[in-house]
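J.: Work out the full structure, taking the sequences as your base and the hints as a guide.
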Amino acid sequence: MDNPDDTMRAYAGSLPAPEFAAPAWVMPPPLADATVAIVTTAALHRAHDDGYTGSDTSYRVIERDARDLVLGHWSPNFDRAGFAMDLDVVFPIDRLEELAADGVIGAVAPRHLAFAGNQEDTVTKVRLDSGPHAAALLRDDGVDVVLLTPV
Amino acid sequence: MCVLAHVFEAAGLATVALASVLPVAQLMHPPRALYCEFPLGRPLGAPGDAQFQHSVLRRAFAMLEAPSGPVLDTYPEVIAIPETAALSCALPIRHDASVPEAVAEAEALRDAYERTRARRGITSVGRVVDAGAMPALVAVLVQIADGAPWDAAGLPGDPISCAHDLRSYYEEAALSLADAPPDPGAAEAWFYGTTAAGRTLLAARRAMRDQKAPSPLWLYMARATWN
Numbered sequence: 001m002d003n004p005d006d007t008m009r010a011y012a013g014s015l016p017a018p019e020f021a022a023p024a025w026v027m028p029p030p031l032a033d034a035t036v037a038i039v040t041t042a043a044l045h046r047a048h049d050d051g052y053t054g055s056d057t058s059y060r061v062i063e064r065d066a067r068d069l070v071l072g073h074w075s076p077n078f079d080r081a082g083f084a085m086d087l088d089v090v091f092p093i094d095r096l097e098e099l100a101a102d103g104v105i106g107a108v109a110p111r112h113l114a115f116a117g118n119q120e121d122t123v124t125k126v127r128l129d130s131g132p133h134a135a136a137l138l139r140d141d142g143v144d145v146v147l148l149t150p151v
Numbered sequence: 001m002c003v004l005a006h007v008f009e010a011a012g013l014a015t016v017a018l019a020s021v022l023p024v025a026q027l028m029h030p031p032r033a034l035y036c037e038f039p040l041g042r043p044l045g046a047p048g049d050a051q052f053q054h055s056v057l058r059r060a061f062a063m064l065e066a067p068s069g070p071v072l073d074t075y076p077e078v079i080a081i082p083e084t085a086a087l088s089c090a091l092p093i094r095h096d097a098s099v100p101e102a103v104a105e106a107e108a109l110r111d112a113y114e115r116t117r118a119r120r121g122i123t124s125v126g127r128v129v130d131a132g133a134m135p136a137l138v139a140v141l142v143q144i145a146d147g148a149p150w151d152a153a154g155l156p157g158d159p160i161s162c163a164h165d166l167r168s169y170y171e172e173a174a175l176s177l178a179d180a181p182p183d184p185g186a187a188e189a190w191f192y193g194t195t196a197a198g199r200t201l202l203a204a205r206r207a208m209r210d211q212k213a214p215s216p217l218w219l220y221m222a223r224a225t226w227n
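One line per chain: the protein sequences are A and B, in this order.
If you count by the working numbering, then the first sequence holds residues 1 to 151, one letter each, in order.
If you count by the working numbering, then the second sequence holds residues 1 to 227, one letter each, in order.
Some hints could be false.
Covered stretches of chain A, as calculated for chain B (at least 3 residues, CB under 8 Å) [as the list claims (entries may be wrong)]:
1) 26-40
2) 47-55
3) 58-71
4) 74-86
5) 89-95
6) 108-119
7) 133-144
Note that these hints are calculated values from the structure, not bench results.
Ideal Cβ placement from N, Cα and C applies to all residues, glycine included.
T.: Now the structure itself:
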């Protein structure tokens with residue numbers, strides 16, 4: 001059997017990608033002064049929160065101290081055992097806390113977010129609706145830097 | 001994820017993306033991306049290895065010092081699914097021939113699953129069925145594999161979520177049965193390739209395909225590379 005990740009990477013790389021003309025660029029404050037949030041597309045959610053539908057473009061809020069996270073992704077095409085062994089291999093919240101304690105980053109954001117990695121071909125909903133809404137939430141929390149993690 | 005990077009950056013947030021598929025990052029040029037050739041599902045590379053995870057984050061955050069972009073860097077170490085990913089993991093012995101092998105197996109793995117759940121304090125099982133209902137779910141999959149109409153066999157939810165719960169139950173149980181933490185790809189190879197429930201799931205999926213079930217519903221019941 002082919003390496004399953006090679007197959008998936010080839011497939012994902014063959015899909016049409018939306019173009020962003022004149023992409024924005026933000027210079028953050030020095031990392032030691034920056035508030036950092038994680039935004040994952042692993043479809044994580046707290047056990048008591050709603051899960052995701054198969055085409056969900058919305059997001060869930062993950063409070064800084066939440067560790068009761070489950071995997072709500074609909075795709076079977078990635079390793080699940082790593083997440084079951086160690087949350088941080090997908091959502092490195094404990095690593096961020098260590099970086100904050102060591103003064104490498106300024107602060108860990110009070111809220112982090114999870115999307116499900118879904119988007120229509122036009123990416124309209126994420127681009128015009130849930131994405132800007134999520135960004136506003138993070139800005140309200142004083143976030144400077146977002147670390148994006150996939151699965 | 002690359003779309004979110006652009007949207008967030010336009011909203012005034014500096015972003016760093018851990019990219020798992022290089023051609024997508026090359027096509028969509030997110031402001032800052034660190035391509036990490038790690039097993040899909042493990043974007044920080046190594047579970048249980050804080051030092052390795054920190055080295056990934058150091059490399060990623062270093063891109064924040066770039067004066068302009070887009071910036072695409074590559075983490076220098078590759079972690080791949082081994083060609084012979086395997087799990088040394090005991091399976092229960094079948095003792096009652098009147099019960100389908102996969103059903104008895106699911107029942108017998110309950111204690112191992114509960115040990116993992118108690119240790120983690122959380123489980124990804126439960127999207128449509130909990131652990132107690134797993135043998136009944138497997139019994140329905142046995143019927144579908146044997147030719148019962150998939151949409152009238154009594155699945156407790158949509159087939160993709162049923163498959164998610166079953167795989168999660170087995171892989172979480174495996175963490176308490178294996179003699180070492182599973183290599184990348186090993187737990188799923190064990191589930192799909194070795195266990196009776198995994199083989200039953202794949203057989204039910206083939207039967208659904210042959211019954212002309214809608215393609216997303218059967219296709220997403222298992223890794224695309226398993227048939």
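J.: Hint by hint, say whether it matches the structure.
T.: Against the structure, the hints come out as follows:
{"no.": "1", "hint": "26-40", "in the structure": "holds (count 6)"}
{"no.": "2", "hint": "47-55", "in the structure": "holds (count 3)"}
{"no.": "3", "hint": "58-71", "in the structure": "holds (count 5)"}
{"no.": "4", "hint": "74-86", "in the structure": "holds (count 13)"}
{"no.": "5", "hint": "89-95", "in the structure": "holds (count 5)"}
{"no.": "6", "hint": "108-119", "in the structure": "holds (count 3)"}
{"no.": "7", "hint": "133-144", "in the structure": "holds (count 7)"}
Checked against the numbered hints listed earlier, the structure breaks none of them; every hint is satisfied.
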